[in-house]
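2 protein chains.
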Amino acid sequence: MQTLPGFREFAPEECAQRNYIFKTWRRVARSYGFVEYDGPTLESVELYAKKNESGAEILQQLYQFEDKGGRAVALRPEMTPTLARMVATNARQYRKPLKWFSIASFFRYERQQKGRLREFIQLNCDLIGEAGASADAELLALVIDLLRAFGFTEKDFVLRISDRSAWMAFLEKRGVPAELVGTVLQAADKLERDTEEVLNTKLAPAGLTVAELKAFIAEGSPEAFAPLLADLQARGLSEFVEVDLSIVRGLAYYTGVVFEVFDRAKTLRALAGGGRYDALIKDLSDGAADLPALGFGMGDVVLANFIAAHPEATVRMQAAIAADSAAQIYVVVADDARRAEALALTQQLRQEGWRVDLPLATGVKFKKQFESAENLGAQYAVIVGQEWPQIKVKTLAKREETALPQSELADWLKKGENSL
Amino acid sequence: MQTLPGFREFAPEECAQRNYIFKTWRRVARSYGFVEYDGPTLESVELYAKKNESGAEILQQLYQFEDKGGRAVALRPEMTPTLARMVATNARQYRKPLKWFSIASFFRYERQQKGRLREFIQLNCDLIGEAGASADAELLALVIDLLRAFGFTEKDFVLRISDRSAWMAFLEKRGVPAELVGTVLQAADKLERDTEEVLNTKLAPAGLTVAELKAFIAEGSPEAFAPLLADLQARGLSEFVEVDLSIVRGLAYYTGVVFEVFDRAKTLRALAGGGRYDALIKDLSDGAADLPALGFGMGDVVLANFIAAHPEATVRMQAAIAADSAAQIYVVVADDARRAEALALTQQLRQEGWRVDLPLATGVKFKKQFESAENLGAQYAVIVGQEWPQIKVKTLAKREETALPQSELADWLKKGENSL
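First to last, the sequence lines map onto chains H and B.
Residue 292 in my numbering sits at position 292 of the first sequence, with consecutive numbering throughout.
Each number in my numbering comes from the position in the second sequence (counting from 1) with 1000 added on.
Pulled out of the complex, with its shape left as it was, chain H reads as follows (with noise of 0.2 Å):
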């Protein structure tokens, strides 16, 4: 009996792990003044219909089915309906800027290749309310401090920028009808994966070729993006980032900046993906809110890939995993007739918010106490035995032993914690 395909199981190691990547997530994301927030994992499958067009993508591979009661439900493939419906709800309630994210599980049913599973986790920030280039800019630094936190440098990923709005009066300027707009922004999308001659066929009908969509990504760098580019130089960023017109984003909803984050050896999917959609909350609601927003995802699958293929950054992701051991002090009931004692202390330091464990059984051999400690990854054995209320601390790592009374011991790793 084992799992789905493409569903993990996360043992302690791999939590660990998980755990490590979520709390640097949500540490970055809050010193950002982003707030979390989190929404059903089974929605209708009309929120997703919404939003999409049909036949796209995203509706093929959906997780859905009828529930008892007839309704039509999904395992939500994505954030955004879900958020465009909490902030369209209560719109009027919350003070704009909107600054939220969230950590949660998405589900789609795709062909399993590297970097994708068909559960899979992923952090959403989206800024809602706020339409100029300094929002923008937030978000960005935002993303980047996200990567540097896990110990990553602009000589490991770049954040490449593009500008929907260009790619929009690009083909105005060039007479592309409105219904051929969504055909040429997803050959120009797959400008690196599908041979030329193919991508020609695509764009005729609108009057274009390979050509002229790479000689518009060659014109570079249009003055729109100076007030982001000097934001983000303000704030010490710009060797993150790089203006790249050739990044396009499939999805039909992006009215401003679009953005991906690759890693430089360019051995991985995206990092992280985003951009603007200041449409989106409005036509998702029916017109009920109508905010500028922007916002992105990041998932945990390709991160952690990347984390594995940097040395400093797993070096850096075991000394946090280190850190947070499974115990830190490992009561050594040396004499059995002294466990209630043993029991009573070992309450006392989980009290004052020691992780602390213990034997659980009679008679076990101080040896293999001590085993169990080291397994733990404990700083301390407190050893109990005859000579209560007299104890014995004593250091794993160093070997030292100190003997001191219990009732002393708070204090006295109080002080050791500080020396650690």
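Hint data in this document are derived by calculation from the structure and do not stem from the laboratory.
Any given hint could be a false lead.
[Unchecked claim] Subject to a maximum C-alpha distance of 30 Å in a straight line, what follows is the list of computed DSBU-like cross-link-like pairs (lysine-lysine):
(1) Lys398(H) - Lys1266(B)
(2) Lys414(H) - Lys1415(B)
(3) Lys190(H) - Lys1068(B)
(4) Lys1023(B) - Lys414(H)
(5) Lys1023(B) - Lys96(H)
(6) Lys368(H) - Lys414(H)
(7) Lys23(H) - Lys1155(B)
(8) Lys1096(B) - Lys365(H)
(9) Lys367(H) - Lys1096(B)
(10) Lys173(H) - Lys155(H)
(11) Lys1114(B) - Lys68(H)
(12) Lys1398(B) - Lys50(H)
(13) Lys415(H) - Lys1414(B)
(14) Lys1190(B) - Lys68(H)
(15) Lys367(H) - Lys392(H)
(16) Lys1202(B) - Lys1050(B)
(17) Lys51(H) - Lys155(H)
(18) Lys415(H) - Lys1415(B)
(19) Lys1050(B) - Lys68(H)
(20) Lys1114(B) - Lys1266(B)
(21) Lys415(H) - Lys1023(B)
(22) Lys368(H) - Lys1282(B)
(23) Lys214(H) - Lys155(H)
(24) Lys414(H) - Lys1068(B)
(25) Lys1068(B) - Lys96(H)
(26) Lys394(H) - Lys1398(B)
(27) Lys23(H) - Lys1282(B)
(28) Lys173(H) - Lys23(H)
(29) Lys1392(B) - Lys96(H)
(30) Lys282(H) - Lys1392(B)
(31) Lys1394(B) - Lys96(H)
(32) Lys96(H) - Lys1368(B)
(33) Lys1368(B) - Lys282(H)
(34) Lys1096(B) - Lys392(H)
Given chain H, work out where chain B should sit, using these hints.
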């Protein structure tokens, strides 16, 4: 467009309450040396069918469907089968005992009632690989300390413990055939809910009456509880526990101690419940692993109701949430010509670990910026203006203002943090 019935959104205010519950659960479980794990949200239906008798309530309530690959799959209604698989698969590599906890969403298509939702979150704690009363006591102590951490005392809740093996011995003594044991236990589980007449009809085939069950229950504390109670007494937790053989727990797989936690006011459903299931891992793993185990679940919905009904616990929660405000520092841009400097300072403060926000538009009025600062729960406003590199810091609660060079701000804040 709304959420499905029985499903919840967590806007930031609700998410903060949820996260307070998660953080408290996590802190206390970890203080007992428990480590976190998680499993997939979607599993094979077979995994649940195997553990439960056909027709069991939990199977009738499954969110069950066929995926695009033709597999019969279900949203997880409980954690134990996933846990048993994880432990059984790698039983040899783990040092026993295992102390594992998880915080996860579960799904049951139930009629909506107070304290019951269709997607709910549950803390699951399991102690695996240790058969004695010490392990029972360790897990019961954890249940008690989890609730104490929210501010509840022995006046607010009680842990009622019973012994499935005492029931089995009684039924054996009375010659109840194996196939009727389930019927009797289910009747015993409903002594307070069903009428004596209904129950006597159910019990008749087993040759028992309500009066006889009540007599058995009234016998009270069998000697079997002595070691468990002595252990809890050594921890100073006796006041929280009552032996009560009327606690039976509906599920078939319990083999030893079973328990439920209730509010003393008896206005809520059980706050937590669990017990020992020494044969289940062997059964679920087809004999691949044979480990004694016990565990419990504690749901977020009833707990949140319990906190809301208890003024002290509510105040404690609100204080914790307020201390964890969206921003600690608000950078007030008093002069847009100094926006670049304000951005650089914001970046620096965030790198140092502070939660910092600032206006994302230009020309925002001074007064409005201070309103934002208060709205976000900031402790400090840092005012950047014409006098740069001289700045002002305002302690918002005390309305005290200090002028200082920006280079001294980091040190000033560190001292300020201590003095708050």
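Against the structure, the hints come out as follows:
1. Lys398(H) - Lys1266(B): Cα-Cα ~52 Å, so violated.
2. Lys414(H) - Lys1415(B): Distance ~21 Å between Lys414(H) and Lys1415(B) Cα, so the pair holds.
3. Lys190(H) - Lys1068(B): With Cα atoms ~27 Å apart, Lys190(H) and Lys1068(B) stay inside 30 Å; holds.
4. Lys1023(B) - Lys414(H): 23 Å, holds
5. Lys1023(B) - Lys96(H): 28 Å, holds
6. Lys368(H) - Lys414(H): With a Cα-Cα distance of about 27 Å, the restraint between Lys368(H) and Lys414(H) holds, given a limit of 30 Å.
7. Lys23(H) - Lys1155(B): 36 Å, violated
8. Lys1096(B) - Lys365(H): 14 Å, holds
9. Lys367(H) - Lys1096(B): Roughly 15 Å separates the two Cα atoms, so the pair holds.
10. Lys173(H) - Lys155(H): It is violated: about 38 Å lies between the C-alpha atoms, which goes past 30 Å.
11. Lys1114(B) - Lys68(H): Roughly 20 Å separates the two Cα atoms, so the pair holds.
12. Lys1398(B) - Lys50(H): Answer violated: Lys1398(B) to Lys50(H) is near 50 Å, above 30 Å.
13. Lys415(H) - Lys1414(B): Answer holds: Lys415(H) to Lys1414(B) is near 21 Å, not above 30 Å.
14. Lys1190(B) - Lys68(H): 27 Å, holds
15. Lys367(H) - Lys392(H): Status holds; Cα separation ~15 Å.
16. Lys1202(B) - Lys1050(B): 26 Å, holds
17. Lys51(H) - Lys155(H): 37 Å, violated
18. Lys415(H) - Lys1415(B): This hinted pair holds, its Cα atoms lying about 21 Å apart.
19. Lys1050(B) - Lys68(H): 22 Å, holds
20. Lys1114(B) - Lys1266(B): 14 Å, holds
21. Lys415(H) - Lys1023(B): Holds, because 26 Å separates the two Cα atoms, which is no more than 30 Å.
22. Lys368(H) - Lys1282(B): The given pair, whose Cα atoms are some 26 Å apart, holds under the 30 Å limit.
23. Lys214(H) - Lys155(H): 26 Å, holds
24. Lys414(H) - Lys1068(B): Answer violated: Lys414(H) to Lys1068(B) is near 57 Å, above 30 Å.
25. Lys1068(B) - Lys96(H): Distance of about 42 Å is beyond 30 Å: violated.
26. Lys394(H) - Lys1398(B): Answer violated: Lys394(H) to Lys1398(B) is near 46 Å, above 30 Å.
27. Lys23(H) - Lys1282(B): Roughly 36 Å between the alpha carbons, so the hint for Lys23(H) and Lys1282(B) is violated.
28. Lys173(H) - Lys23(H): 47 Å, violated
29. Lys1392(B) - Lys96(H): 25 Å, holds
30. Lys282(H) - Lys1392(B): At roughly 40 Å apart (the allowed maximum being 30 Å), Lys1392(B) and Lys282(H) break the hint.
31. Lys1394(B) - Lys96(H): Distance of about 23 Å is within 30 Å: holds.
32. Lys96(H) - Lys1368(B): 11 Å, holds
33. Lys1368(B) - Lys282(H): Holds, at roughly 26 Å.
34. Lys1096(B) - Lys392(H): Holds. Lys1096(B) to Lys392(H) sits at ~25 Å (cutoff 30 Å).
Checked against the numbered hints above, the structure violates hints 1, 7, 10, 12, 17, 24, 25, 26, 27, 28 and 30; every other hint is satisfied.
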